[in-house]
Amino acid sequence: MSPADSRLRVTHDDGVTLVEFVDRNILDEANIQQIGEEISSIIDSRDQPRLLISFANVDHLSSAALGTLITINNRIKTKGGQLRLANIDPQIKEVFAITRLNKLFSIHDDAPSAIASFTS
Amino acid sequence: MQPSPGPDHESLRATVTADRSAVAGLVSRIMDIVERFNYPKTSRFAIHLALEEAVSNAFRHGHKLLPPDAAVTVEAHVDARRVRIAVEDQGPGFTPDTIPDPTLDENLAKPDGRGLMLIRAYMTRVDFNPRGNRLEMTYERPPSP
Chain A
1 MSPADSRLRV THDDGVTLVE FVDRNILDEA NIQQIGEEIS SIIDSRDQPR
51 LLISFANVDH LSSAALGTLI TINNRIKTKG GQLRLANIDP QIKEVFAITR
101 LNKLFSIHDD APSAIASFTS
Chain B
121 MQPSPGPDHE SLRATVTADR SAVAGLVSRI MDIVERFNYP KTSRFAIHLA
171 LEEAVSNAFR HGHKLLPPDA AVTVEAHVDA RRVRIAVEDQ GPGFTPDTIP
221 DPTLDENLAK PDGRGLMLIR AYMTRVDFNP RGNRLEMTYE RPPSP
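Line by line, the protein sequences are chains A and B. Numbering follows this note's numbering, with no gaps: position 112 of the first sequence is 112. Converting from the second sequence to this note's numbering requires adding 120 to each position, the first position being numbered 1.
I should point out that these hints are in silico values taken from the structure, not numbers from a laboratory. C-beta atoms are modelled at their ideal positions from N, C-alpha and C, and glycine is treated no differently. Mixed in with the good hints there might be a few duds.
Stated by the list, open to error - Here are the simulated DMTMM-like cross-link-like pairs (lysine to aspartate or glutamate), alpha carbons at most 20 angstroms apart as the crow flies:
1. K161(B) <-> D89(A)
2. K103(A) <-> E226(B)
3. K77(A) <-> D225(B)
4. K103(A) <-> D225(B)
5. K230(B) <-> E29(A)
6. K103(A) <-> D232(B)
7. K77(A) <-> D232(B)
8. K79(A) <-> E38(A)
9. K93(A) <-> D232(B)
10. K230(B) <-> D89(A)
11. K161(B) <-> E94(A)
As the list claims (entries may be wrong) - Pair ranges (Cβ atoms, derived):
12. S141(B) <-> D47(A): 32 to 42 angstroms
13. S120(A) <-> P212(B): 49 to 59 angstroms
14. D225(B) <-> T119(A): 17 to 27 angstroms
15. S120(A) <-> T215(B): 46 to 56 angstroms
16. R100(A) <-> G145(B): 31 to 41 angstroms
17. A142(B) <-> D89(A): 21 to 31 angstroms
18. D47(A) <-> A142(B): 38 to 48 angstroms
19. S45(A) <-> R245(B): 40 to 50 angstroms
20. N57(A) <-> T215(B): 31 to 41 angstroms
21. D189(B) <-> K103(A): 40 to 50 angstroms
22. D89(A) <-> D225(B): 21 to 31 angstroms
23. R261(B) <-> N57(A): 43 to 53 angstroms
All chains, full assembly: derive it from the sequences and hints.
Set out below in structure tokens:
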């Protein structure tokens with residue numbers, strides 16, 4: 001897939017892969033599937049991947065997107081890696097709380113605190 | 121001169137197929153009506169989320185075995201006090217009580233099954249017809265702070 005087609009911005013810094021979303025709304029099932037495949041290929045390309053997903057500028061997130069995040073988390077754990085989430089809008093954070101997914105994911109206010117939480 | 125008051129309610133009934141731009145357009149039309157009735161941001165977030173989940177469920181589960189051009193019907197009725205939305209698919213229906221609770225510890229790492237619980241969490245009332253292919257949900261405007 002060419003970068004122009006991607007729904008993600010991916011950067012690598014000091015052993016951490018930072019993933020950001022192009023879209024404000026993560027609702028379209030085809031896009032969500034594409035996002036899942038892109039992130040899965042990043043995970044598969046690394047040993048013990050350390051992944052930070054930033055939700056800055058994301059306004060809406062569907063349950064299908066939550067499902068993809070869970071699949072990503074399961075995949076990272078299988079590879080002995082770590083996943084952090086950051087920059088989540090307060091209303092979306094409430095969705096994580098209602099679904100109790102705040103117990104499953106490591107959620108941080110911003111990228112620096114998320115990066116600092118990775119264990120070596 | 122005082123501006124003339126708007127209508128005391130607005131209704132919409134539309135059919136939509138499994139086409140993302142068509143679904144987004146319909147959701148946008150309904151949310152424009154909700155905005156015209158000055159529902160606050162938190163209410164609009166709740167209604168938008170429930171509407172997206174209901175339409176998504178209709179296609180993903182209700183129309184699982186139907187062709188993509190099978191239409192889902194969406195009805196919306198908005199007034200100053202509440203927003204009522206109905207989503208009806210052409211599928212065989214389902215029994216809502218059989219959906220496992222996704223918030224239980226043993227279900228947390230399972231990727232599916234959160235759409236309906238989110239609809240129930242954000243809407244004031246959620247009902248299904250006996251066949252289980254029509255969801256009716258109501259959002260009551262919260263009291264002003």
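Status of each hint after checking the structure:
1. Restraint check for K161(B) and D89(A): the C-alpha separation of about 13 angstroms stays at or below 20 angstroms, so the hint holds.
2. About 12 angstroms separates the Cα atoms of K103(A) and E226(B), which keeps this hinted pair within 20 angstroms; it holds.
3. Among the hinted pairs, K77(A) with D225(B) is consistent with the structure: their alpha-carbon atoms are about 17 angstroms apart, no more than 20 angstroms.
4. At most 20 angstroms may separate the alpha-carbon atoms for a hinted pair to count; K103(A) and D225(B) meet this at roughly 9 angstroms.
5. At roughly 18 angstroms between alpha-carbon atoms, K230(B) and E29(A) fall within 20 angstroms of each other, so this suggested pair holds.
6. A C-alpha spacing of about 17 angstroms is found between K103(A) and D232(B), which places the hinted pair at or below 20 angstroms, so the restraint holds.
7. Distance check on the hinted pair: K77(A) and D232(B) sit about 18 angstroms apart at the alpha-carbon level, within 20 angstroms; holds.
8. Using a Cα cut-off of 20 angstroms, the hinted pair K79(A) and E38(A) holds, with the two alpha carbons roughly 16 angstroms apart.
9. Distance check on the hinted pair: K93(A) and D232(B) sit about 19 angstroms apart at the alpha-carbon level, within 20 angstroms; holds.
10. Between the alpha carbons of K230(B) and D89(A) the distance comes to roughly 24 angstroms, so the proposed pair goes past 20 angstroms and is violated.
11. Between K161(B) and E94(A) the alpha-carbon distance is near 14 angstroms, which keeps this suggested pair within the 20 angstroms criterion.
12. At about 40 angstroms, the beta-carbon gap between S141(B) and D47(A) stays in the expected band of 32 to 42 angstroms.
13. One distance hint, 49 to 59 angstroms for the beta-carbon pair S120(A) and P212(B), holds here, with the actual separation near 52 angstroms.
14. Between D225(B) and T119(A) the beta carbons are some 24 angstroms apart, a value that agrees with the proposed interval 17 to 27 angstroms.
15. One distance hint, 46 to 56 angstroms for the beta-carbon pair S120(A) and T215(B), holds here, with the actual separation near 49 angstroms.
16. Hint check: R100(A) to G145(B), Cβ distance near 33 angstroms, so the stated range 31 to 41 angstroms holds.
17. Between A142(B) and D89(A), the C-beta spacing of about 26 angstroms keeps the proposed range 21 to 31 angstroms intact.
18. Between D47(A) and A142(B), the C-beta spacing of about 44 angstroms keeps the proposed range 38 to 48 angstroms intact.
19. A hinted range of 40 to 50 angstroms for the beta carbons of S45(A) and R245(B) is consistent with their spacing of about 48 angstroms.
20. Hint check: N57(A) to T215(B), Cβ distance near 39 angstroms, so the stated range 31 to 41 angstroms holds.
21. Separated by about 41 angstroms at the C-beta atoms, D189(B) and K103(A) satisfy the suggested range of 40 to 50 angstroms.
22. Our hint of 21 to 31 angstroms for D89(A) and D225(B) holds, since their Cβ atoms are close to 26 angstroms apart.
23. The given range of 43 to 53 angstroms is broken by R261(B) and N57(A), whose C-beta atoms sit roughly 28 angstroms from each other.
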